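Those letters in the sequence shown? Residues 1 to 293, by the UniProt record's numbering.
Worth double-checking, as some hints may not be accurate.
Straight-line Cα separation of at most 30 Å, DSS-like style, residue types lysine-lysine; simulated pairs [to be verified]:
| hint | residue 1 | residue 2 |
| --- | --- | --- |
| 1 | K21 | K274 |
| 2 | K238 | K3 |
| 3 | K231 | K286 |
| 4 | K182 | K131 |
| 5 | K131 | K3 |
| 6 | K286 | K181 |
| 7 | K83 | K21 |
| 8 | K231 | K181 |
Have a look at the derived ranges for each label pair, beta carbon to beta carbon [stated by the list, open to error]:
| hint | residue 1 | residue 2 | range |
| --- | --- | --- | --- |
| 9 | A256 | S33 | 18 to 28 Å |
| 10 | P102 | R144 | 43 to 53 Å |
| 11 | G97 | R289 | 40 to 50 Å |
| 12 | A247 | S138 | 23 to 33 Å |
| 13 | L6 | D251 | 18 to 28 Å |
| 14 | G112 | E54 | 24 to 34 Å |
| 15 | A247 | T55 | 35 to 45 Å |
Keep in mind that the hints were calculated from the coordinates and are not lab data. Here the structure is a predicted model, which means the values were calculated and not measured. Ideal Cβ placement from N, Cα and C applies to all residues, glycine included.
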Amino acid sequence: MQKLRLYDVSACVVRAEFSSKGPVLDCCFHNDSSGYSAGADHILCRYDFNTGAETSLGSHDSAITCLDYSNVSGQVISGSWDKTLRCWDARSRTLVGTHVQPARVTSMSLLGNNLVVSTIGRHILVYDIRKMSEAEQSSETPLRFQARSVCCNSDGTGFAIGSIDGRVIIDWFDPSHAQAKKYLFKCHPKPAAGPKIFHPVNALAFHPLYGSLATGSGDRHVNVWDVHIRKRLFQYSKCPSSITSLAFNSDGHLLAVASSCTFEEGEESNSPIKIYVRSVNDAEVKPIRRTKQ
Numbered sequence: 001m002q003k004l005r006l007y008d009v010s011a012c013v014v015r016a017e018f019s020s021k022g023p024v025l026d027c028c029f030h031n032d033s034s035g036y037s038a039g040a041d042h043i044l045c046r047y048d049f050n051t052g053a054e055t056s057l058g059s060h061d062s063a064i065t066c067l068d069y070s071n072v073s074g075q076v077i078s079g080s081w082d083k084t085l086r087c088w089d090a091r092s093r094t095l096v097g098t099h100v101q102p103a104r105v106t107s108m109s110l111l112g113n114n115l116v117v118s119t120i121g122r123h124i125l126v127y128d129i130r131k132m133s134e135a136e137q138s139s140e141t142p143l144r145f146q147a148r149s150v151c152c153n154s155d156g157t158g159f160a161i162g163s164i165d166g167r168v169i170i171d172w173f174d175p176s177h178a179q180a181k182k183y184l185f186k187c188h189p190k191p192a193a194g195p196k197i198f199h200p201v202n203a204l205a206f207h208p209l210y211g212s213l214a215t216g217s218g219d220r221h222v223n224v225w226d227v228h229i230r231k232r233l234f235q236y237s238k239c240p241s242s243i244t245s246l247a248f249n250s251d252g253h254l255l256a257v258a259s260s261c262t263f264e265e266g267e268e269s270n271s272p273i274k275i276y277v278r279s280v281n282d283a284e285v286k287p288i289r290r291t292k293q
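Using the sequences and the accompanying hints, generate a full structural model.
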């Protein structure tokens with residue numbers, strides 16, 4: 001039976017647990033007392049953490065791969081393999097918009113009014129959630145391989161795209177300068193010797209205060225980068241399995257790391273499934289001060 005669990009990090013205990021009919025592929029908070037989850041069963045569910053009540057908000061025609069709640073619009077936005085984004089009014093619990101995408105939705109990131117969507121075929125679309133009828137930007141990434149993850153940066157000026165070959169693109173919302181300022185760097189390079197194994201960038205998270213970027217990969221490492229000078233600031237201890245998800249808390253002093261088998265090297269029968277919460281200090285995440293020349 002698939003589970004959704006709510007943890008009290010300070011006490012290291014499970015505060016609530018809910019069952020799902022299929023594998024849970026994404027979840028998000030609404031507020032301190034409720035949240036949402038969705039996954040392979042095509043269903044978007046809302047959970048009340050205080051009462052334990054579970055209600056269905058709606059569904060897609062295929063697996064729901066990603067979702068987020070907008071404090072700005074009061075909507076839950078979900079992306080699916082049915083090639084659509086759907087917007088749901090959280091208060092009335094009704095569908096208020098369906099927006100067709102060029103291919104199956106694999107990842108998305110929401111910050112303020114900016115929504116970044118990644119689909120199969122290396123498509124990246126940027127929406128203003130106040131006018132979802134048409135994407136403000138639509139392009140194919142210069143990556144040679146499929147994008148695996150996207151994340152808006154903490155100051156709202158741009159976003160990062162992680163690919164299956166260990167690279168990250170830093171892109172910008174301002175279309176007049178986007179092409180000139182866009183750049184790509186290797187953040188999880190494969191070893192120089194031995195077989196060519198590509199380690200996908202499965203997870204991205206920007207530090208909420210400093211804007212440094214944490215990347216998690218199939219090489220089982222979490223790296224932290226100063227994205228302005230493309231220099232690694234810190235590498236955390238190697239996890240026993242691939243990194244599947246990352247998230248800083250609101251003030252950036254904690255980093256949650258999820259680790260499990262992601263099957264890029266086939267099934268690993270003894271691969272542990274773990275969630276780690278690490279304390280973060282400034283030396284690990286504060287960008288290097290740049291002096292003017």
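Taking the earlier hints as the rules, which of them does this structure contradict? 5, 10 and 15
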